Every structure is written in structure tokens, then in C-alpha cells.
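Asker: Okay, here's what each chain looks like letter by letter:
6 protein chains.
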Amino acid sequence: MDIPEINRPARALVERLREMGAATVAGTLAHMGIRDPHMHGPVSWNKGKAIAGPALTLQFMPKREDLYGQNEYDDPEKQLHRHVLYKVQPGDVVVVDARGDLTAGVFGEMMLTYFKGRGGAGVVIDGVIRDWPHGQSLDLPMWIRGLTPNFHTQTGLMPFAVNVPIACGGVTVIPGDIIVADDDGAIVVPAALAERVLAEAKSHAEWEEFSKLKLLEGGDLRRYYPLHKDAQAEYEAWRKANPKK
Amino acid sequence: MDIPEINRPARALVERLREMGAATVAGTLAHMGIRDPHMHGPVSWNKGKAIAGPALTLQFMPKREDLYGQNEYDDPEKQLHRHVLYKVQPGDVVVVDARGDLTAGVFGEMMLTYFKGRGGAGVVIDGVIRDWPHGQSLDLPMWIRGLTPNFHTQTGLMPFAVNVPIACGGVTVIPGDIIVADDDGAIVVPAALAERVLAEAKSHAEWEEFSKLKLLEGGDLRRYYPLHKDAQAEYEAWRKANPKK
Amino acid sequence: MDIPEINRPARALVERLREMGAATVAGTLAHMGIRDPHMHGPVSWNKGKAIAGPALTLQFMPKREDLYGQNEYDDPEKQLHRHVLYKVQPGDVVVVDARGDLTAGVFGEMMLTYFKGRGGAGVVIDGVIRDWPHGQSLDLPMWIRGLTPNFHTQTGLMPFAVNVPIACGGVTVIPGDIIVADDDGAIVVPAALAERVLAEAKSHAEWEEFSKLKLLEGGDLRRYYPLHKDAQAEYEAWRKANPKK
Amino acid sequence: MDIPEINRPARALVERLREMGAATVAGTLAHMGIRDPHMHGPVSWNKGKAIAGPALTLQFMPKREDLYGQNEYDDPEKQLHRHVLYKVQPGDVVVVDARGDLTAGVFGEMMLTYFKGRGGAGVVIDGVIRDWPHGQSLDLPMWIRGLTPNFHTQTGLMPFAVNVPIACGGVTVIPGDIIVADDDGAIVVPAALAERVLAEAKSHAEWEEFSKLKLLEGGDLRRYYPLHKDAQAEYEAWRKANPKK
Amino acid sequence: MDIPEINRPARALVERLREMGAATVAGTLAHMGIRDPHMHGPVSWNKGKAIAGPALTLQFMPKREDLYGQNEYDDPEKQLHRHVLYKVQPGDVVVVDARGDLTAGVFGEMMLTYFKGRGGAGVVIDGVIRDWPHGQSLDLPMWIRGLTPNFHTQTGLMPFAVNVPIACGGVTVIPGDIIVADDDGAIVVPAALAERVLAEAKSHAEWEEFSKLKLLEGGDLRRYYPLHKDAQAEYEAWRKANPKK
Amino acid sequence: MDIPEINRPARALVERLREMGAATVAGTLAHMGIRDPHMHGPVSWNKGKAIAGPALTLQFMPKREDLYGQNEYDDPEKQLHRHVLYKVQPGDVVVVDARGDLTAGVFGEMMLTYFKGRGGAGVVIDGVIRDWPHGQSLDLPMWIRGLTPNFHTQTGLMPFAVNVPIACGGVTVIPGDIIVADDDGAIVVPAALAERVLAEAKSHAEWEEFSKLKLLEGGDLRRYYPLHKDAQAEYEAWRKANPKK
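Chains as they are written, first to last, in my numbering: chain A, 2 to 246; chain B, 2 to 246; chain C, 2 to 246; chain D, 2 to 246; chain E, 2 to 246; chain F, 2 to 246.
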């Protein structure tokens with residue numbers, strides 16, 4: 002099967018996006034003209050994960066009995082959802098358009114195990130997975146809509162294409178785009194804009210650590226967020242006493 | 002722009018499917034193993050139309066501001082929704098995956114006028130059209146979800162590909178599949194199964210004309226539908242008196 | 002098959018409810034403590050019809066392949082949706098819980114023809130029908146959610162019981178309850194409350210004809226609706242000149 | 002009751018917006034930065050109407066039994082939905098936030114009659130009306146979600162405020178904004194932008210009449226829409242022979 | 002009150018289904034022709050539970066004020082939701098059709114306490130429960146849609162029947178069917194098919210333990226899942242060294 | 002900016018409502034005629050919290066580009082969502098009508114920090130928040146619909162008014178109403194009814210502690226809940242041995 006390859010960004014760039022977090026990256030993209038990069042629907046399933054990585058894509062289509070049949074059931078190598086996994090390199094994110102379907106489990110324990118074994122960073126699925134009681138010990142970062150005991154061709158979907166542009170959670174994903182995901186959700190950073198996101202966002206928020214402390218003590222929002230010029234000296238004194246790590 | 006061509010079935014075959022109507026074709030497909038060929042969502046907008054024809058497809062994707070921009074606005078020839086229309090031949094049906102979006106008008110008056118001028122049979126859109134007050138005089142067969150005054154890139158969609166496999170109303174459509182549509186809705190007949198549909202369905206219902214008459218007079222459903230052997234002679238007598246036209 | 006019979010109310014009572022119309026009956030029921038008798042979802046499909054009649058009920062359930070199978074396909078007399086029709090007497094209304102499903106056509110042309118032949122008043126279906134291009138000439142009063150070319154067991158439903166209590170459009174319907182339906186929608190009048198509805202509603206609105214005329218001429222709402230005592234003499238003069246027909 | 006008045010725009014301005022139609026106005030607003038002025042949900046109920054006029058607003062809120070009670074039932078003058086009607090002047094449009102509720106009829110026959118008697122242009126309701134069988138003869142332009150026999154406080158809503166900012170169909174409406182509505186739907190033109198809309202849109206489309214004719218004859222979309230410079234001479238010749246009316 | 006009894010399957014059979022888990026049982030049922038046994042909507046509320054047991058059923062219907070009233074409020078023994086609990090034996094599962102309603106709490110702390118006291122295995126509710134802050138210490142296995150502080154007749158539902166066929170989450174449940182539920186969800190095993198499910202599924206997956214290990218180390222999916230004949234010897238050597246427990 | 006103040010109830014009253022819990026308060030309100038005080042949609046995000054306090058309200062409206070613009074972006078003091086926070090006093094609850102929108106984050110880490118610093122009891126939002134990875138350490142009681150990385154004006158909402166009546170989760174909230182929230186959900190207690198709620202509910206359930214114990218041991222529901230007169234002596238003996246704390 003002839004699956005397109007993707008271009009992978011420099012690992013350092015990806016890592017810096019991960020550290021920024023989905024909220025800061027989404028806000029920066031918004032100011033650059035990308036209105037809504039958030040893939041709505043899939044939610045963080047293992048709380049506390051934060052990943053970033055290039056997107057491999059898997060497209061499901063509504064099942065058609067004349068197009069998916071005995072051949073695929075008999076020969077696992079004809080099953081397209083395996084092929085996206087064959088392409089996984091360490092740090093990759095698999096993004097799946099499962100059409101928001103809640104009845105068809107996209108991956109089960111064995112596929113997720115293989116994905117983890119290859120070093121995959123995580124999966125984002127506009128749909129559900131199955132076999133969670135066995136798969137959860139993998140502790141794999143996942144953004145999904147839920148769970149089902151059904152396998153995917155059991156109800157209404159069939160895997161249809163790998164590494165083609167897809168829509169996931171209302172956002173177009175081009176293979177090679179960078180996914181940034183944490184508990185806030187998973188967003189799409191167009192590959193060509195990634196460097197600029199870092200540049201636009203970098204001067205942000207040196208005083209935020211200080212402001213947060215003050216606000217938690219009941220400090221005035223008008224004084225501390227954003228930092229008012231009247232509080233600049235106070236901040237600088239504090240910073241001297243509390244140097245950045 | 003390099004748009005794939007489609008293979009068109011013999012016109013006679015298409016015409017016979019049209020005459021059978023969507024309900025009989027859908028039932029026949031179901032007995033052949035195609036569970037649900039009905040594109041749910043789009044409904045007959047000009048009541049009383051019945052069409053059939055090969056599918057040209059247009060795929061919309063969620064709008065991404067870095068992928069659809071000033072170039073497309075400045076140069077209409079970059080706008081992909083025009084290109085599906087350039088491919089239209091008499092009798093063709095344009096099927097559009099507009100993702101069920103109710104805010105983005107897929108075609109307006111001028112595009113629909115051009116489509117009609119080229120002899121298009123009708124359109125099936127999992128979405129909405131705009132400019133209906135001007136476009137309705139075209140009396141074009143349309144299966145759509147509704148209307149909006151908005152144009153398509155105004156809100157959340159951008160045209161993305163032409164004559165690729167799409168999902169429309171929960172059914173996968175391959176370019177060249179045959180669409181059969183009437184007031185019951187629009188269905189997809191896989192091109193490779195079309196001849197067989199005709200063969201499987203052809204012996205249907207010579208006595209239905211008679212049965213319907215009898216049922217309307219209050220005749221017993223057990224006797225007349227399906228035609229019971231006790232009523233066979235009665236039917237034959239009636240048929241002799243009322244030869245088929 | 003052992004299908005329960007229903008008790009039918011006096012025809013005159015039913016006719017008076019029909020004349021009152023769904024809005025007045027619903028409002029009266031509300032004042033009697035029945036919060037919402039309106040079956041939401043099914044809408045008037047042939048505009049301008051107004052019917053009333055006792056309910057026969059048909060319950061669909063999610064299809065289970067071990068419970069609905071070859072037996073039913075081979076022997077139409079095992080198909081339960083036929084049995085509700087066998088019970089129809091002139092003026093009856095068939096109410097169907099099809100679970101709001103939009104993919105499974107409850108009745109087609111032949112069933113509806115038989116229903117009309119038996120003198121049925123109309124059908125209310127929390128679901129869809131099929132074969133409308135052939136069936137529409139029956140001009141049968143119908144409150145439905147829409148149309149499909151699919152037959153009912155093709156996708157997700159199976160007929161399960163006849164003349165049992167059902168829910169239709171969010172309202173519980175007991176066989177024998179009186180259905181009142183017009184373009185506003187279809188409502189359920191509990192059989193035991195029907196007489197009282199007539200009694201509570203009867204003194205309504207002798208002056209409404211006059212008020213409507215005045216309002217249409219730009220008359221003051223405060224004076225004419227409800228009729229203010231200052232306008233009583235004016236009304237009476239008008240009534241004398243325009244005796245009730 | 003102290004209901005704010007609205008400022009009404011010049012009638013000529015409103016009339017020109019009406020003639021442009023919702024699609025052209027929405028497109029013009031989009032180019033001016035208003036992304037989506039279309040009130041989604043309410044649809045044209047009496048096909049073929051086209052209106053424009055300043056908005057009076059009526060806000061419903063979820064019914065609270067401690068806030069809406071016997072007082073309002075006993076004294077119609079306490080019922081706020083009457084008060085928006087008292088403010089109607091010829092050409093006005095009443096826009097109602099009924100929260101998309103499909104169970105609570107906002108207006109019935111008498112209220113709509115009074116509205117028409119005062120010269121109201123039409124109503125836009127993110128909800129439903131009741132008593133349509135009696136009210137339809139008014140032939141009033143209405144954009145609504147549907148019908149019910151229920152009155153509004155029967156289920157979940159209560160009228161709450163008049164001529165305050167509301168949201169209707171996902172668009173914020175400020176009293177005095179100009180509503181433009183036709184079969185495509187109803188849109189909101191911010192009062193302060195109305196003149197600019199006319200200015201931006203006015204040079205539009207002198208050649209469209211010609212192009213439409215050509216397209217309907219099978220003319221090339223690339224040549225006629227938008228009008229190509231190669232077709233300019235052809236157009237001018239045609240125009241000379243077919244002067245604008 | 003005359004509530005039907007159910008037939009209970011052998012405990013050993015139930016226990017083996019529980020051990021297989023919902024995903025394996027659902028997949029086996031699918032191969033036997035049961036397309037989708039998963040009750041969609043209710044989700045595992047106390048993560049990590051896995052139960053199986055015969056179904057007692059409780060049916061709610063839309064509340065009708067003339068059918069549920071002071072009698073039921075005054076005499077708890079008239080409240081049908083209590084009666085399904087009276088029938089509970091150790092290991093039973095109560096399945097409730099609460100129509101997907103999110104506003105009406107089906108059970109509260111006391112009912113759930115009684116259920117646990119009788120040895121009930123768990124509950125599956127297409128709806129919500131109330132009083133969770135007090136009830137959660139019971140640590141009862143529950144598959145539900147969510148929580149509410151409301152009791153059930155407070156809003157739109159009334160308990161209507163016990164141990165009748167119901168639909169729950171889009172699946173028909175016959176009293177006595179076997180429910181298998183874990184974090185993937187809750188499924189319905191038709192009682193008559195239970196033995197066959199065990200028979201069809203039993204030869205499954207002796208090598209899966211080995212394959213999973215290999216995949217987690219980055220082993221080739223093509224070699225290890227399903228186990229390729231080239232890896233058979235490797236597996237057997239491993240198995241010899243790691244005998245099954 | 003001129004933001005209305007609210008009246009705050011006595012802290013002791015609020016505290017007693019908190020102790021009763023949402024379920025008992027909702028049930029009591031229902032018996033007093035308030036059908037459904039539960040704000041549906043927002044769910045308990047940090048399990049195990051139980052709060053009560055007077056409501057400050059924040060209303061979002063659909064974003065209109067002519068009404069929310071550069072002024073608000075440039076001058077934080079023009080951003081209305083800050084102003085509701087300025088009004089917070091210890092024990093207050095901020096209730097936000099974010100229209101159920103899942104794409105627009107209402108508050109982020111800094112706003113929530115300030116809210117906590119001022120002693121706010123918790124927030125109820127018919128919408129989502131952002132920046133949860135940073136904000137979660139605040140351990141703030143929150144009832145929300147979910148999370149997003151987007152900020153609120155990034156997509157479709159703008160803050161519009163503070164301390165005005167709002168609808169949240171289908172319930173009307175008047176500033177100063179008392180919110181009671183725990184894992185069952187958040188409910189609205191009309192300020193004027195709060196004392197009466199305490200009075201009506203106070204005699205409740207002295208024997209419930211005993212009954213719960215008995216039910217958990219398998220005791221008969223008919224005997225112990227509600228407590229039957231035959232069990233009165235048993236209860237009293239138990240109570241003597243287990244005096245209330």
C-alpha cells in the first residue's frame with residue numbers, strides 16, 4: 002500500500018510548543034488570524050498529559066458493504082487503520098477522523114500497545130476507542146470522545162485513507178501539522194506557522210508568576226493583571242528577591 | 002487544475018433506475034446487502050422532482066485561514082466549487098459534502114444557473130444554498146438541508162476537492178456512483194451494482210396496481226397485499242379487463 | 002395474534018373536539034393540569050387537515066436480529082405493523098412510537114392505502130414514512146417527522162407491539178385516548194377527560210369574531226382583547242347587526 | 002410599564018435594504034467585518050415574502066413559578082408580550098428571543114391580528130407560534146421555527162423584557178437594528194452600519210442580468226461570471242439592445 | 002402488584018461472560034449477527050467495575066398528570082420504581098429505560114442502598130440518578146448518563162412498568178437477558194445466545210499475552226498481531242519459559 | 002462602569018442550605034411549586050465540593066464585531082467579565098450565561114486566581130473555561146460544561162452585562178438568588194423563598210440514618226423506607242443506643 006510520508010518538524014520546536022501549552026498556542030494563533038484551532042469533541046482521557054508532535058492522519062468513511070468486506074476481514078494487511086500505525090515514529094501523533102461516531106471503536110488494546118511500542122506521543126480521535134479495561138494500563142495520552150465495546154466495522158464506519166487531509170473535531174488537519182494537546186484540549190498548528198507562533202508568543206508573561214501570587218492573596222486585578230505601571234517597581238523588587246529559575 | 006473525470010453509466014440504465022424510484026431501489030439494495038443507501042439530512046426542496054444520474058462530487062472542509070485566503074478571493078479560477086461545475090455534462094448530479102453545516106451557502110443563483118445551463122440533472126447537498134429568492138425560478142431539482150443568505154467561506158467552510166470520495170448525509174459517495182432521488186430522498190447506487198439492482202427488482206409488483214385499487218375500496222390487506230393465492234383468479238380477471246398500458 | 006381492542010368515544014364528542022382545534026384543546030387541558038399534551042416532533046405533512054379520533058397504537062423497538070428475522074420476512078402475518086391496521090375502524094387514528102428514528106420508513110404506499118380504505122382518519126408517527134411519491138395522492142392526514150426511501154426493518158427498528166401504552170413525541174398515549182390534530186400539531190386528550198374538556202372550554206370567545214375584526218383595523222388590543230367592559234356596548238351593537246351564524 | 006422607545010431609520014433606507022435582499026446584504030456585511038448576521042433557526046414560513054424594518058425586541062426567559070404567576074394570568078396588562086405589540090408602528094419588525102424552544106407558542110391568532118392591524122412588517126421568532134389554523138389567513142410575513150398548539154407559559158417560558166438587547170438565532174439584536182428578511186432567512190443590520198452597507202453594495206452587478214441569460218444558455222462560467230474582459234464588448238452590445246428598466 | 006418473574010441463567014455462565022469483558026462479548030455477538038449490543042449513552046460512573054447478571058427492567062414513560070398523582074405520592078407502595086427493587090436477587094442487574102432524560106433522577110441514596118443490601122450487581126440507566134453526594138460511598142457499579150438533584154416525577158417522567166421489554170440506550174432488553182458491563186460500556190446478551198457466545202469466543206487469543214509484550218517493545222505488528230506463522234516458534238519458546246497461570 | 006450591587010442573605014441561612022445539599026433543596030422547592038431549579042449542563046468539575054452563596058451574574062451575548070472591538074482589546078477595564086469579579090465578596094458565587102457554547106473559554110487561570118483571592122465560593126458556567134492545566138491547582142469549586150484552550154472572544158461570544166437577570170442551564174437567575182451546588186449539580190434558590198425552604202425541609206429524616214443501615218443489611222424497603230409504624234419501636238431502641246451527634 003502506498004501511503005504518503007509526512008515531513009516532521011525539528012524536535013526542539015515541537016517541544017517548545019508543548020511547553021507553551023494549548024491555551025497559549027491557541028491564543029497566539031488567534032492573533033495571527035487562525036480563528037479556532039481547537040478540535041472540539043475529543044477530550045483529554047488521561048488527565049494531566051501534555052504532548053506535541055506531527056500529525057499522521059487516518060480517515061474513516063461511512064461503511065459501505067460493497068467497499069469493505071471479506072477481503073479486509075480475511076487479510077489484516079488490507080485493513081487501513083493498521084497502516085497509519087506502521088508509519089509512526091517516536092513523538093508522532095495519530096489524528097483520526099472517525100466522524101464523531103460514538104458506536105465504532107477505532108483502536109483496541111493491541112493497536113494502542115503497538116502504537117506505544119513505536120514511541121507514539123498520543124492519539125486524537127473524533128470518535129471512540131474500545132477495550133479500555135485492558136488498554137488503560139498503557140497510560141497513553143489520548144483525546145477521544147468516549148468508549149465502546151464495539152470494533153469499528155461492527156457498526157457504521159470503515160477505515161478509508163491514511164495521511165490525507167482530514168477534518169477532526171471541526172478543524173482541517175494536513176498530515177505533518179503539529180498537534181499540541183493537554184487537558185484544555187487538542188489544537189492544530191499549521192506546520193508553516195509553527196516558528197512564527199513561537200516568535201509571537203515568546204515575550205509573554207514574565208510578571209505572571211508574581212501577579213498570580215498577588216491575586217491569590219486578594220490583590221487588585223486592576224493592579225496586577227495585566228501588570229499596571231504602578232506595580233512595576235513592586236514586581237521588580239519581588240523578582241530580585243525571587244529570581245527566575 | 003487537474004480534476005479527475007468520472008465514468009458515466011449508460012443513460013438507459015440511469016433512466017430505468019429513475020423510474021423505479023428511490024424507495025424501490027433502496028429496498029432492492031438492502032436485500033443485496035447495502036444496509037442504508039439513503040443520504041439523511043438533505044430533503045427534496047422542489048417537491049415532485051425525480052432524477053437519476055452519475056455523481057460528480059465536491060468536498061468542503063472546515064475553513065482554515067492559512068489555506069483559503071486572498072488568492073482564492075481574488076482569482077475565481079482558484080475557487081474549487083466552480084471546478085465541479087465545469088465538469089458537468091447533461092444528466093449529471095453534483096453531490097456536495099458540506100458537512101451538514103447550516104451557516105454556509107454552497108451555491109448561489111449564478112452557480113445554479115450555470116449548472117442548469119449545462120444540463121445538470123440536480124444537486125444533493127449536505128448543507129444549504131443561498132440566494133434562493135433569485136434562484137428558485139430555475140426550478141432545479143435540489144436535495145438540501147435549507148437556506149441561508151451567507152456565502153460559503155463567510156463562516157466555517159472552504160471548498161477543498163473535486164471528484165474525490167466523499168461522505169454525504171452519512172453515506173460514502175464515490176464519483177461516478179449513480180444518484181437516484183425523489184421526494185422520499187436521495188440514495189446512492191454503487192456503479193458496479195446498478196445492473197444487478199435492475200435485475201433483482203424487475204419482476205416486482207405486476208398485481209400492485211390491482212391491489213391498490215382493492216385496498217382503497219376497503220379490501221382485506223391479507224387478501225390483496227401481498228396478493229393471496231385465493232385472489233389470483235380475481236386479479237387475472239381484472240387484468241384481462243384492464244390490460245397494462 | 003391477540004391484539005387488545007380499544008374503547009371508542011361517542012363520535013359527536015370527537016367531532017366537537019376536532020372543531021375546537023388543537024390549540025384550544027391544549028390550552029384547556031393545561032388549565033386542567035395536563036402540562037403539555039402536544040406530541041413534539043411529528044408535524045402536519047398535508048397542510049390544512051384537521052382530525053380527531055381514538056388512538057390505536059403501534060410500538061417499534063430497536064431491531065434485534067435474534068428477535069426479528071426470517072420468520073417475519075417470510076410470513077407477512079407475523080409482521081406486527083399490519084396488525085394495527087387490521088384493527089382500524091372509520092375515524093380511528095393510528096399513533097406510532099417509532100422512537101424519532103429518521104432512517105426507517107414505518108408505512109409505505111400499500112399500508113397507507115389500506116388504512117384509507119378502512120376509513121382511518123389519519124396517522125401520527127414519531128418517525129418517517131416511505132414511498133411518498135406514490136402515496137401522496139391518497140391525501141391522507143399525516144403528522145410525521147419526514148420521509149425516507151428505506152423500509153422499517155432495513156435499518157434500526159422492528160415493530161413490537163400493538164395497542165399497548167406508548168410514548169409518542171414525548172407524550173404517553175394510552176390506546177383509546179383521543180387524538181386531536183391540525184396544522185398546529187397533534188395532541189393527546191386522555192379519554193377520561195374528554196367530556197370535561199368540552200365543558201371547560203365551551204363558554205369561550207363569543208366576542209372573538211368581533212375583536213379580530215377590530216384588531217385588524219388597528220383597534221386597541223387593550224380594548225378588544227380580551228374584550229374590555231368599555232367595549233361591551235360596541236360589541237353588542239355589532240353583534241346585533243351581525244348575528245351569529 | 003416603562004418600555005424604551007427605539008430610533009427608526011429613514012424609510013427609504015430600509016426600503017433599499019429590502020430590495021437588495023438578505024443574501025446581498027449579508028455578503029456586504031461580511032466584507033465589512035460582520036462575520037455572520039444570519040439568525041439561524043427561524044425560517045421563512047410564508048414563502049415569497051421580503052421585508053425590512055427596525056427591530057422591536059421581546060425577551061423570553063425560562064419560566065420561574067415564583068416570578069410569573071396568578072398576577073399575570075389575571076391581568077393581561079401585566080403580560081409583557083403584549084407590550085412589545087403596543088409599541089409597533091407601521092413597518093416595524095418584532096424580533097423574539099424564545100430561546101429556540103419548540104414547545105411554547107409565542108403568539109396566537111389575536112396577537113398576530115393586532116400586529117397586522119398596526120401595520121407591522123413581520124415577525125422573527127427563535128421559537129414557535131400557535132393557532133396557525135386560524136392565523137394563517139393573515140398572510141403575515143413570519144420567520145419562525147415551527148408551530149405548536151401550546152401557549153407560551155404553558156410549558157417552559159415566560160415573557161421577561163421588551164426592547165432590550167437580545168440574542169435571536171445566535172445573533173445579538175439591539176432594539177432599532179434593521180432586520181432584512183426573505184426566503185433565504187432573516188439577518189440583522191446594525192443601525193449604525195446601514196448607510197455604509199448601501200454604499201458598499203451599490204455598484205454591484207450591472208452585468209449580472211446579462212450573465213444569467215448567457216449561463217442559462219450554457220455559456221461559459223469563466224467568460225460570464227464574473228464578467229470576463231473578453232466578454233465586455235458582447236455585454237455592452239447586449240445592454241444597448243436591452244436597456245435597463 | 003403483579004410483577005413478572007425472570008429466569009436467571011446459571012451463575013457460572015454469567016461469571017464467564019463477566020471475565021470475557023464487554024469488548025470480547027460484543028465482538029463475538031457481532032460475528033453471530035447481532036450488529037450492536039452496546040447500550041449507548043450510559044457510561045461507567047465508578048471506573049474499574051466489571052459486572053454481569055440477568056436484567057430486571059424498569060420502564061419510565063413521559064409523565065401524565067392524570068396517570069401519576071396524589072395516590073402514588075401518598076402511598077409509596079404504588080410507586081413502581083420500588084417494585085423492580087423488590088424483585089432483586091444477588092447478582093441481578095436493574096436496567097432502566099429513563100428515555101435519555103437528564104432532568105429526572107431515577108434513584109436516590111435510599112433506593113440504591115436497598116439495592117446494594119439485596120446483593121444487586123449494578124444498575125444501567127438511560128438517564129440520571131440523584132443524591133450522589135450521599136450515595137457514592139456505596140461504591141455501586143453504575144452505568145448512567147449523569148446526575149441531577151431532581152427526583153424523577155419532579156420533571157417529565159413517571160415509572161410505568163416493571164419486567165417488561167424495554168429499550169435502553171438504543172438496544173431492546175428483554176427481562177432475563179444478560180447484561181455484561183465494564184468501563185467500555187454495558188451490553189445486552191440475549192439469554193438464548195449466551196452459551197453460544199462462550200462457545201464461539203473460547204479459543205481466542207492464547208498468544209495475545211506474548212504479542213502484547215512484543216508490541217510494547219516495538220515489535221512488528223505484522224509479525225505479532227495476529228501472530229504470524231513466522232513467529233510461531235518464537236511464541237512457543239516464550240510460552241515454554243512462561244507457562245500460563 | 003455602573004454595575005448593580007446585590008443583596009446578600011444572612012451567612013447562616015446560606016450555610017444551612019449548603020448543608021442540606023442540592024438534592025434536598027431541589028426536592029423541597031419542587032413541593033413549593035418550583036418545578037425544576039437545576040441548571041442543566043454545567044457539571045461538578047472538582048468532585049466532592051459543596052457550596053452555597055449569593056449569585057453575581059455575567060451575561061455573554063453572541064459576538065458582534067461592531068460592538069466588541071479594539072477598544073475592549075486595548076483597554077482591559079472595558080472588558081465586562083472583569084467587572085463581575087470586582088464585585089465578588091467572600092462566599093459569593095459567579096453564575097455565567099455563556100449560552101452553552103463549548104468553543105469560548107470564559108475565564109482563564111488569572112481570573113480564577115483573582116476570584117479565589119477574593120474569597121469567592123465557586124463558579125457556575127453554562128459554558129467552558131480555559132487554561133485548566135494551570136488553573137486546576139486552585140482547586141476551585143466549579144460547575145462547567147468543559148474545557149477549551151480558546152479565550153472567549155476568540156470565537157463566538159462577548160461579555161455583555163453584569164448583575165442582570167440571566168438564564169443559565171435553562172433556569173432564570175436573578176442577581177442575589179442563592180446558588181446551592183454539589184456533585185448532583187447546581188440549583189437556584191429564589192432569594193425570597195430561602196427561609197421557607199429551610200422551614201419546609203427541617204423536619205425531614207431523623208430516622209434516615211437508621212433506615213440506611215438497615216437497608217444496607219438487606220432490610221425490607223417496605224419496613225424501613227419510609228419508616229413503617231411497625232418499625233418505629235425498633236428505630237427508637239436503636240436511636241437510644243445511638244444518640245444523634
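Hints are computed from structural coordinates only; laboratory data are not their basis. Fair warning: there could be bad hints in the mix.
The calculated lysine-lysine pairs, modelled on BS3-like cross-linking and capped at a C-alpha distance of 25 Å, are [stated by the list, open to error]:
id: 1; chain 1: F; residue 1: Lys50; chain 2: F; residue 2: Lys88
id: 2; chain 1: C; residue 1: Lys50; chain 2: C; residue 2: Lys79
id: 3; chain 1: C; residue 1: Lys213; chain 2: D; residue 2: Lys230
id: 4; chain 1: B; residue 1: Lys50; chain 2: C; residue 2: Lys246
id: 5; chain 1: A; residue 1: Lys48; chain 2: F; residue 2: Lys213
id: 6; chain 1: B; residue 1: Lys230; chain 2: B; residue 2: Lys245
id: 7; chain 1: E; residue 1: Lys79; chain 2: F; residue 2: Lys246
id: 8; chain 1: D; residue 1: Lys117; chain 2: D; residue 2: Lys50
id: 9; chain 1: E; residue 1: Lys48; chain 2: F; residue 2: Lys48
id: 10; chain 1: B; residue 1: Lys48; chain 2: D; residue 2: Lys50
id: 11; chain 1: C; residue 1: Lys213; chain 2: D; residue 2: Lys245
id: 12; chain 1: F; residue 1: Lys88; chain 2: A; residue 2: Lys230
id: 13; chain 1: D; residue 1: Lys88; chain 2: C; residue 2: Lys48
id: 14; chain 1: F; residue 1: Lys246; chain 2: F; residue 2: Lys213
id: 15; chain 1: F; residue 1: Lys213; chain 2: F; residue 2: Lys48
id: 16; chain 1: C; residue 1: Lys230; chain 2: C; residue 2: Lys50
id: 17; chain 1: B; residue 1: Lys230; chain 2: C; residue 2: Lys213
id: 18; chain 1: D; residue 1: Lys48; chain 2: C; residue 2: Lys230
id: 19; chain 1: B; residue 1: Lys50; chain 2: B; residue 2: Lys246
Stretch by stretch, here's where chain D covers chain C in the computed footprint (C-beta under 8 Å, at least three residues) [as the list claims (entries may be wrong)]:
id: 20; stretch: 87–101
id: 21; stretch: 105–111
Predicted, not measured: the structure shown is a model, and the values here were computed from it. All C-beta atoms, glycine included, are put in the ideal place defined by N, C-alpha and C.
Asker: Against each hint, give a clear statement of whether it holds in the structure.
Answerer: Hint check:
The hinted pair formed by Lys50/F and Lys88/F meets the criterion: a straight-line CA distance of about 23 Å does not exceed 25 Å. Proposed proximity of Lys50/C and Lys79/C is contradicted: the alpha carbons are some 33 Å apart, above 25 Å. For the given pair, Lys213/C sits about 59 Å from Lys230/D by alpha-carbon distance, which is inconsistent with the 25 Å threshold. Taking the CA atoms of Lys50/B and Lys246/C, the gap is near 44 Å; set against the 25 Å cutoff, the hint is violated.
Annotation: proposed proximity of Lys48/A to Lys213/F is violated, straight-line Cα distance about 35 Å (limit 25 Å). Simply put, Lys230/B and Lys245/B have alpha-carbon atoms about 21 Å apart, close enough for the 25 Å limit, and the pair holds. Among the hinted pairs, Lys79/E with Lys246/F is inconsistent with the structure: their alpha-carbon atoms are about 35 Å apart, more than 25 Å. Taken as a hint, the Lys117/D and Lys50/D pair is honoured in the structure, with Cα atoms around 15 Å apart against an allowance of 25 Å.
At most 25 Å may separate the alpha-carbon atoms for a hinted pair to count; Lys48/E and Lys48/F meet this at roughly 14 Å. Taking the CA atoms of Lys48/B and Lys50/D, the gap is about 20 Å. The hint holds against a cut of 25 Å. For the given pair, Lys213/C sits about 45 Å from Lys245/D by alpha-carbon distance, which is inconsistent with the 25 Å threshold. Of the pairs offered as hints, the one joining Lys88/F and Lys230/A holds, with about 23 Å between alpha carbons and a cut-off of 25 Å not exceeded.
For the hint pairing Lys88/D with Lys48/C, the CA-to-CA distance comes to about 33 Å; that exceeds 25 Å, so the pair is violated. The hinted pair formed by Lys246/F and Lys213/F meets the criterion: a straight-line CA distance of about 17 Å does not exceed 25 Å. Our distance criterion of 25 Å between C-alpha atoms is met by Lys213/F and Lys48/F, whose separation comes to about 23 Å. With a C-alpha separation of about 37 Å, the suggested pair Lys230/C and Lys50/C falls outside the 25 Å cut-off, and the hint is violated.
At most 25 Å may separate the alpha-carbon atoms for a hinted pair to count; Lys230/B and Lys213/C exceed this at roughly 61 Å. Using a Cα cut-off of 25 Å, the hinted pair Lys48/D and Lys230/C is violated, with the two alpha carbons roughly 40 Å apart. Annotation: proposed proximity of Lys50/B to Lys246/B holds, straight-line Cα distance about 23 Å (limit 25 Å). Proximity of the stretch 87–101 of chain C to chain D, defined as three or more residues with a beta carbon under 8 Å from a beta carbon of that chain, is not established by the 0 residues found.
Only residues whose beta carbon comes within less than 8 Å of a beta carbon in chain D count, and the stretch 105–111 of chain C has 0; fewer than three means the coverage is violated.
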